[in-house]
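K.L.:
Here is how the chains run, residue by residue.
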Amino acid sequence: MLQPSNYSLVLFLQFLLLSYDLFVNSFSELLRTAPAVQLVLFIIQDIAIVFNVIIVFLMFFNTYVFQAGLVNLLFHKFKGTILLSAAYLALSISFHIWIMNLRWRDSSRFIWTEGLQTLFVFQRLAAVLYCYFYKRTAVHLGDPLFYQDSLWLRKEFAHFRG
Amino acid sequence: MAARRAGPGVCPPRALPPVPSADEIPLSRPKKRKPKGKTPLDGIVQAAVRRQSESSEPLTPEPPDAPPQRKRKKKKVPADSETSFTQQNVASLFQNGNGMDVPEAEETVIRKQRRRAKKPRPAEVSSNELEVEEEDIIEDEHRKSPDQQPVFAAPTGISQPVSKVFVEKNRRFHAADRAELIKTTENINVLLDVKASWTTRDVALSVHRSFRVLGLFTHGFLAGYAVWNIVVIYILAGNELSMVSNLLEQYKTIAYPAQSLFYFLLSISTVSAFDRIDLAKASIALRGFLTLDPAALASFLYFAALILSLSQQMTCDRINLYTPPSENGSIWTAGTEAEIVHSWVVVNLVVSVLVGTSWIFLSSRPELDHSEELMFHSEIEEFPHGDVIPRVQP
Chain A
448 MLQPSNYSLV LFLQFLLLSY DLFVNSFSEL LRTAPAVQLV LFIIQDIAIV
498 FNVIIVFLMF FNTYVFQAGL VNLLFHKFKG TILLSAAYLA LSISFHIWIM
548 NLRWRDSSRF IWTEGLQTLF VFQRLAAVLY CYFYKRTAVH LGDPLFYQDS
598 LWLRKEFAHF RG
Chain B
820 MAARRAGPGV CPPRALPPVP SADEIPLSRP KKRKPKGKTP LDGIVQAAVR
870 RQSESSEPLT PEPPDAPPQR KRKKKKVPAD SETSFTQQNV ASLFQNGNGM
920 DVPEAEETVI RKQRRRAKKP RPAEVSSNEL EVEEEDIIED EHRKSPDQQP
970 VFAAPTGISQ PVSKVFVEKN RRFHAADRAE LIKTTENINV LLDVKASWTT
1020 RDVALSVHRS FRVLGLFTHG FLAGYAVWNI VVIYILAGNE LSMVSNLLEQ
1070 YKTIAYPAQS LFYFLLSIST VSAFDRIDLA KASIALRGFL TLDPAALASF
1120 LYFAALILSL SQQMTCDRIN LYTPPSENGS IWTAGTEAEI VHSWVVVNLV
1170 VSVLVGTSWI FLSSRPELDH SEELMFHSEI EEFPHGDVIP RVQP
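Protein chains in written order, with my numbering: chain A, 448 to 609; chain B, 820 to 1213.
Hints were generated in silico from the structure; no laboratory data involved. Glycine residues also receive a C-beta, built at the ideal position from the N, C-alpha and C atoms. Treat the hints with care, as some may be off.
Unchecked claim - Calculated pairs, PhoX-like style, for lysine-lysine (alpha carbon to alpha carbon, straight line, at most 20 Å):
| # | chain 1 | residue 1 | chain 2 | residue 2 |
| --- | --- | --- | --- | --- |
| 1 | A | 526 | B | 1100 |
| 2 | A | 524 | A | 602 |
| 3 | B | 988 | A | 524 |
| 4 | B | 988 | B | 1002 |
| 5 | B | 983 | B | 1002 |
As the list claims (entries may be wrong) - Sample of chain A residues with no beta-carbon within 12 Å of chain B, all distances over it, derived:
| # | residue |
| --- | --- |
| 6 | 469 |
| 7 | 482 |
| 8 | 484 |
| 9 | 558 |
| 10 | 565 |
| 11 | 586 |
So here's chain B without its partners, still in its complex pose:
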């Protein structure tokens, strides 16, 4: 205590260590100087550890008391000055560099540390070294937190007065509004979060639902197209099919395209209707038929319409290749035109009715989809995700 009170006037002759001879210079000296390049905290920690190791070495030829004290003094002064310097830096960083004021709580912490840093000095003089070293170690732990704070606090820059930031785009810096930039980055983060939680089940469900929407559109389109087709046929055929030859002449150019479009739309509609009822599970599909489920009825009607439409392929080709029976090479024989066309018109009428009825059934409950319920939810309900056993890596 007395040595400390005497102040710097007394200290200099004591602080200067005796110049050691070449033999006395310990081999670990260069190692001791290394920490200076590091943070002051590291230096303090290493010094404390080294002191412990030095004090625990009983085989040193030097007397146990005096030399360690000298070394400690020599190290302590720069260590303290360094810590105080960093604390000042911290304070200045908060005030100047970042435009942030140091909170009072932090200031008190820093003052406390200063006080604690000075405390060991009188203890150094005392013979009890162990207490001093323990305090040093505790101080190191406390000192870490304020040193780390500016590192994390600096880049946030929330209270930075400049509202514009410069963002590099296409190798050029463009001025951008800070608030907007934060909003966009938040949006990107939200998008990334959504994408991260996107599973194969979601992909499958979205595809399934997309196809259901497509099917819903196709049902309506097919019903409308079938009605248009039958109306055109009846108009061209005249009253009670009196103008069959006129119908064949006019219709032969569109017979095949119409048939092809019919098959295309009927295929999508039938698959969509099967999806609604989940035809693959026969028992459920049968139950749907027996309970007159709209989706089951529509599936049946679409399938019947498909068979009827396909069965007219030969007639369609015959109409497509129509030439009057009087011409050479005609595949039409006189007198059979009305008979062939009559059955074809009736089948087309039936197909139109079936397709229209199916559309009414399905559009009455557009949300009805047994396939989605059974395919994606039945097994999950039976074995919820909590039951999933994590895969064990060998």
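If we strip away everything but chain A, and leave its shape as in the complex, we get:
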């Protein structure tokens, strides 16, 4: 059974990483004059996304539902979060590579093209959706129903077997 103190700690870490992600997405453009700093921020941002995905998977492994063998149930329930996280990570890495590639030599150059603008919009929109879905999953995993045997779980088990 997940202890409230442990859960609080994990939730705090998750929200910290989400906040960092939001902060970099919002204000990284203000640091365009220092490409090295921006690069470091982008690398940490991508690592933070990976960390968040690892944490949420560790939380999955900690659930009674997972230990009972109903992996599909968990993945089905949180597939939006998993898919969005993967998509957002891909979009972020792509955007970071592209923009750093263009700005590395001359940071004050006007670099925007239609393609970069589109990628930017999609990356930022995915960031908002990722934030919403990830936050929802992190909070939802605090439900004790996932950490104990219940009629709901048995019903789901029967549903999956049948």
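Take the given structure of chain A and dock chain B to it, following the hints.
P.N.:
Relative to chain A, chain B alone:
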């Protein structure tokens, strides 16, 4: 009976046991003396048990009557004296040590026990030993309760006359008021009880509610900021955008920070609005849109505002890098300024309207939160906690 009435004058020669020879000393003797170090109750219980075991031993070479009687007498006297001593101690403890008076009921209990303790004496003389021993055993059970009472009664000290107690803090004793100390300990106990009942669901709910409060603040702040932004733009642009170059010159320093702040606030507001409608459950979200639910409408408006705001990133960067078209290396071409700025101002105006409308929708019903209802209560209502099956340990 006659032996008892004769009193102590007759007893001493009888009470003294014959000095046993080295051969006669039973091996269990040292064991018999051990209980003296223990409580008198233990001694009595052990003596009674030993008597039973002794009486049940048919293989002893001694005659069955006389020796057990002697032994019993020898043990009984100290046992009685010890019990009476402890009872006196109990009484004195109540009166002196703790400042408490012994209640009458307890006194009667103690007297009864004294009477009962004396009763066995005449029975000892009689040949029927079994009855005496049974009584002894019953008495032991009764005697336990008054002996234990002072142990539990002593530390309470409710009627202790001293109102101050000394509490050790930082390796020093400080005087503290007793009543206040009791209050603080009660508060701590209440806090501990509250913390003990704190579950992960409560943690999740508190975080969710905290974010909702943050979102409520952000909605208002964003609406105000958007209005301020559009007012500043229109003031700098002049009447019917007649001073576009002035707007670009003045606004270029704050264009990027403003855009960044817009995205920051819009992200939090959109996530908060999605939380209100519980977007993850598509059917419920769609039903909300069709029934014109305020949270659903606000979510849609925020998302539209976010897309519009993001689409202006290129223009913002262009404004940020603004230099007059006449200068070398300028990314602005002459004649296109008004056109670019006009569309940008319109988009900003639309964003401000969308954000303001969303804020009105959400603040009209700030308590509306489908996410909390659906995430934490739907499954529980379907499967209440009573249905939870305890986990079976292998």
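K.L.:
None of the hints should be skipped; say for each whether it holds.
P.N.:
Here is what the structure says about each hint:
{"no.": "1", "hint": "526(A) - 1100(B)", "verdict": "holds, 12 Å"}
{"no.": "2", "hint": "524(A) - 602(A)", "verdict": "holds, 15 Å"}
{"no.": "3", "hint": "988(B) - 524(A)", "verdict": "violated, 53 Å"}
{"no.": "4", "hint": "988(B) - 1002(B)", "verdict": "holds, 18 Å"}
{"no.": "5", "hint": "983(B) - 1002(B)", "verdict": "holds, 14 Å"}
{"no.": "6", "hint": "469", "verdict": "violated, 6 Å"}
{"no.": "7", "hint": "482", "verdict": "holds, 15 Å"}
{"no.": "8", "hint": "484", "verdict": "holds, 15 Å"}
{"no.": "9", "hint": "558", "verdict": "violated, 8 Å"}
{"no.": "10", "hint": "565", "verdict": "violated, 9 Å"}
{"no.": "11", "hint": "586", "verdict": "violated, 5 Å"}
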